[in-house]
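Q: Chain by chain, the residues run as shown.
Protein chains: 4
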Amino acid sequence: MKVVYLSAVIDKELPISDIFPSLKGKIDTICKKPDTDEAVSAVDLIFLALPHRVSMEAAPKFLKAKRLVIDLSADYRLHHDVYKVWYGAEHKDKANLPKAVYGLPEIYHNAIKGAELVANPGCYPTSIILAIAPLLSEMVIDADYIIADSKSGVTGAGRRPDLSLSFGEVNENLKCYKVNEHQHKPEINKILSAIAGKGIDVVFTPHLIPMNRGILSTVYLKLKKRMDTKGAVKIYQDFYDGKPFVRIYVDGKLPQVRDVVRTNFCDIGIKVTGDTAIVVSCIDNLLKGAAGQAVQNMNIIAGFEETKGLV
Amino acid sequence: MKVVYLSAVIDKELPISDIFPSLKGKIDTICKKPDTDEAVSAVDLIFLALPHRVSMEAAPKFLKAKRLVIDLSADYRLHHDVYKVWYGAEHKDKANLPKAVYGLPEIYHNAIKGAELVANPGCYPTSIILAIAPLLSEMVIDADYIIADSKSGVTGAGRRPDLSLSFGEVNENLKCYKVNEHQHKPEINKILSAIAGKGIDVVFTPHLIPMNRGILSTVYLKLKKRMDTKGAVKIYQDFYDGKPFVRIYVDGKLPQVRDVVRTNFCDIGIKVTGDTAIVVSCIDNLLKGAAGQAVQNMNIIAGFEETKGLV
Amino acid sequence: MKVVYLSAVIDKELPISDIFPSLKGKIDTICKKPDTDEAVSAVDLIFLALPHRVSMEAAPKFLKAKRLVIDLSADYRLHHDVYKVWYGAEHKDKANLPKAVYGLPEIYHNAIKGAELVANPGCYPTSIILAIAPLLSEMVIDADYIIADSKSGVTGAGRRPDLSLSFGEVNENLKCYKVNEHQHKPEINKILSAIAGKGIDVVFTPHLIPMNRGILSTVYLKLKKRMDTKGAVKIYQDFYDGKPFVRIYVDGKLPQVRDVVRTNFCDIGIKVTGDTAIVVSCIDNLLKGAAGQAVQNMNIIAGFEETKGLV
Amino acid sequence: MKVVYLSAVIDKELPISDIFPSLKGKIDTICKKPDTDEAVSAVDLIFLALPHRVSMEAAPKFLKAKRLVIDLSADYRLHHDVYKVWYGAEHKDKANLPKAVYGLPEIYHNAIKGAELVANPGCYPTSIILAIAPLLSEMVIDADYIIADSKSGVTGAGRRPDLSLSFGEVNENLKCYKVNEHQHKPEINKILSAIAGKGIDVVFTPHLIPMNRGILSTVYLKLKKRMDTKGAVKIYQDFYDGKPFVRIYVDGKLPQVRDVVRTNFCDIGIKVTGDTAIVVSCIDNLLKGAAGQAVQNMNIIAGFEETKGLV
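Residue numbers (our numbering), protein chains in the order written: chain A, 8 to 318; chain V, 8 to 318; chain B, 8 to 318; chain P, 8 to 318.
Calculated directly from the structure, the hints in this document are not laboratory data. This structure is a prediction, so every number in the text was calculated from the model and none was measured. Just to be clear, a hint being listed does not mean it is correct.
No copy labels: a pair is met if it fits in one copy or bridges any two.
[To be verified] Mimicking DSSO-like on lysine-lysine, the simulated pairs with C-alpha atoms at most 27 angstroms apart in a straight line are: (1) Lys-106 with Lys-205; (2) Lys-9 with Lys-71; (3) Lys-197 with Lys-99; (4) Lys-68 with Lys-237; (5) Lys-33 with Lys-260; (6) Lys-9 with Lys-68; (7) Lys-31 with Lys-185; (8) Lys-260 with Lys-241; (9) Lys-19 with Lys-260; (10) Lys-231 with Lys-205; (11) Lys-182 with Lys-120; (12) Lys-241 with Lys-205; (13) Lys-229 with Lys-205; (14) Lys-229 with Lys-185; (15) Lys-185 with Lys-232; (16) Lys-106 with Lys-68; (17) Lys-237 with Lys-31.
Please build the complete structure, drawing on both the sequences and the hints.
A: Quick look at the structure:
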């Protein structure tokens, strides 16, 4: 396995280590200006980390040439009708859209295995779906009243000049944003609905936290069936048995962001109180929430060890 | 009005501005070692900012001498039975406990006016009760399923050596703690129950955020009666009409921590989505959540302008 | 004294408290689109907080109409030849430039008193000049080898979208920038040269610190005359005797940023070790380093108490 | 190579991953209570990360049994006379002290190779010595006036409850401390004196920065010989030629902390201005400044690839 092609929208071609000096002497691959044809001939598998709307223009060329595609944008995550509502544009690659497999390996491992096109999940959906799936699939919660209160570090919003992401605005501040209107909501609803076998509509509030990396989602689930923390934890342990990147906390212990930062783990803790299960999940938004999960998907597609290159 | 007595557990008496150099040249009052008798003779009104359990030993001496007491500890906030459960100690001043008025002026202004002893609220309860009271008193929400997801800066935990509060542990981290077991929970339940006229038991999850000051509480209320954001906002505007330190946001706008830091305001925004009202409140935990509210209570007791000395 | 005119480059006119909600209910003055004629007729004194190059186009209109001008840009701080070199543009108001008084009240109080036009100092120069002036004017240091190693919070760079100021780039990072090439260097050199009566060229390294507010400058001065810390402190105490906004630390104690944040103070500590005097000064870059000093200058010009409105 | 023994002063033995949950599933080795005899029989090489004064009691037992020792404390870095002055205690292992090799591989690679006992350098000395050594050994600077202005993240002070390291004190603050009195100063002076062949006494000011990891040292060197940036850079490139963990920046570019965090690199940039060379070096204080360098030393002693296990 080798990185044979690397490109970005830049003014002139230069080693990636000139952009990120921490890589100096370790990865000095030249970062080129984008040239899809060149890329198609160079690669067996491509990671597309393009903006929404742009990805669906590039992907078809790779797919046509039988290259495997792992797409980190939202372009292949939703039905085109839903996509249009949330991303404000007609879908331009309806032909390939049905082929896309949602790249959440803990749920769709088998489908990913044979996929040509993987839609790598969003960071919030990864943290929220993994926190809810076990109890939901057991049908022991009120599927009509699911609350996901998520807190994310700043890198979740990407790396770009933006006053609202500037240090002076974010530091010593805390806010929620796009309350129940975040573009990751339909993605969460879609997957949870598939698991439940009925339409699910979560209440989803994202918050911006003054830290670089990490998402902690606090999920409130109303239990239809009496159980204690131990019983709930057992359901999670069974559900994620054999999954290398999910760690379940026992005895009501709950994960912190620092437990997962710079790893590909999703750590989950559960605490039952009365008829409420409080489920807390943590991921690193740049790894399990993006690039790490993409590598995990590559490993599955390519038949590598699922944990290869990941910690 | 004048600060005539100032004390702390210190090794030797020195100007308060030696401890907090930012005060140099502005407030150089000598900070003494604690001497209750001296304090009793010196003051008309005392702010007790003592640890829980210690306050209830000091307060009676001031009350006996007809000094007004504003107590910032939890010692006079709960019935002694509940106190014992949550603070692990028998209450030592059951005589004065019934006299204590809960110092949340937006709810108990009249009672505070004539009080001898004010139990200044905790920071989380201030932010949560003010967010819930209007819809709860209108009886339009399901009082049996109230979720309060609160996020606090670090100063909420006090100023003391503690590994879990050290920079290296808090920075670039995020965690919840004492999930549904925080000692502020009975205080929230007590006041909300009084407002509702029935027993209320909130689900309360506090989170520790890497910032110095501020609390943002995201409260999820299930509406029993259909209403839109505008209708909900109207209920809050009416409820807090004439209250100088509550600002209601309109049109679904929601406050951020920076809007209230270094002020005594509690800012509240409401967004209705389906049958859920998401209410977001922000305070500065050191002001409206502690010292600022104590001054507000003093102003009310003493017949000063309620906003005197506060911004 | 009253704020009668307030403008900014904005899309539509709205209360300043809509832009900064923390001001809601306190300052709801309408923020207008800029109209110099309207401003000229409305005000007696104007604070110009415009970008460099823009200020020198606006100021003449106010001066012509006999309005007092306090300019927070760099446009009136340097001789036009030096200005051209450092700001890359021909000066457009050479007529008024000689009238400008450098608004560092601890040095130029008398001149400011009668000024029509005050060039409010930069934040770095304020912290550095005040740290050096006493020993320099006593002629006891080697004026040819002055090192100023300054550390600034992020707001020193202004409030604007800029990748290099984004949270993800600044947080958990530390860097120097524009090493010995910062545009504040000629301003420092000019004032120090005037004090010394000879040409001074400091070595000046600014650093960007992951915090919102504050500058700490560590200045290294080589003593030509033997003295101890006490003797050096005495020189500072004498030099700043009667100056309300400079606080000198004694016994080798040194100030921290937190001692001055949200105040207009410049705190200075001195420690002599061998033949080196290490001088540490702290200011809040937004107050003593900008707006606070501007108000201080207004107070002096207008004959108000120098500390009016400042803490 | 295998971790066979792991101990700490703890209440009960438990997996290291219970203390640092991020290690769960990766390193679950039991962390034992300290037992030197057990350790001696278990290991070939030991890393002692003990407090100063404690290390010199443990080390002799390992040395006697012919175990290799890499000591991360200061106990074997200084002559016992100097040690007594700076660490306030008589040295208890004068017998082994002369055997200790200072573990800065870029300077003492050959001596480390055959060492039984390595004194792993302090974090500040690593960053400062590497920044000065090339120009100093070329004899082109004034060795009598070296200024090192260092800025460190908080983890440099260790992991312990301490009010001055608490989030509320460090965040939004900046201070210098132990100015020219830091216990790392004699270590810097000792090594630089050895390089220069004459007594060196640096002026050293450490600063505490609100970030977790990283040290940036800004060093001011007065040139005795005219040279430009390019010439100075060449001296550094030659000096560190073949050293895998030093990266020299060219063209006056200077490193930032983010370039080295979570790596074992020391990045160095040089800018000459007039007769001053400003040298900026960055390290991660927990890696090149401590544990990483210890591993590097192990690799050298054990004959492994110098970069093994390090990035």
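Q: All hints are to be evaluated individually against the structure, with a verdict given for each.
A: Status of each hint after checking the structure:
no. : hint                 : in the structure
1   : Lys-106 with Lys-205 : within (22 angstroms within a copy, 55 angstroms between copies)
2   : Lys-9 with Lys-71    : within (22 angstroms within a copy, 49 angstroms between copies)
3   : Lys-197 with Lys-99  : within (20 angstroms within a copy, 57 angstroms between copies)
4   : Lys-68 with Lys-237  : neither (50 angstroms within a copy, 47 angstroms between copies)
5   : Lys-33 with Lys-260  : between (38 angstroms within a copy, 19 angstroms between copies)
6   : Lys-9 with Lys-68    : within (21 angstroms within a copy, 48 angstroms between copies)
7   : Lys-31 with Lys-185  : between (38 angstroms within a copy, 22 angstroms between copies)
8   : Lys-260 with Lys-241 : within (14 angstroms within a copy, 41 angstroms between copies)
9   : Lys-19 with Lys-260  : between (50 angstroms within a copy, 19 angstroms between copies)
10  : Lys-231 with Lys-205 : both (16 angstroms within a copy, 24 angstroms between copies)
11  : Lys-182 with Lys-120 : neither (39 angstroms within a copy, 35 angstroms between copies)
12  : Lys-241 with Lys-205 : within (24 angstroms within a copy, 35 angstroms between copies)
13  : Lys-229 with Lys-205 : both (17 angstroms within a copy, 21 angstroms between copies)
14  : Lys-229 with Lys-185 : both (24 angstroms within a copy, 20 angstroms between copies)
15  : Lys-185 with Lys-232 : between (33 angstroms within a copy, 24 angstroms between copies)
16  : Lys-106 with Lys-68  : within (15 angstroms within a copy, 66 angstroms between copies)
17  : Lys-237 with Lys-31  : between (48 angstroms within a copy, 20 angstroms between copies)
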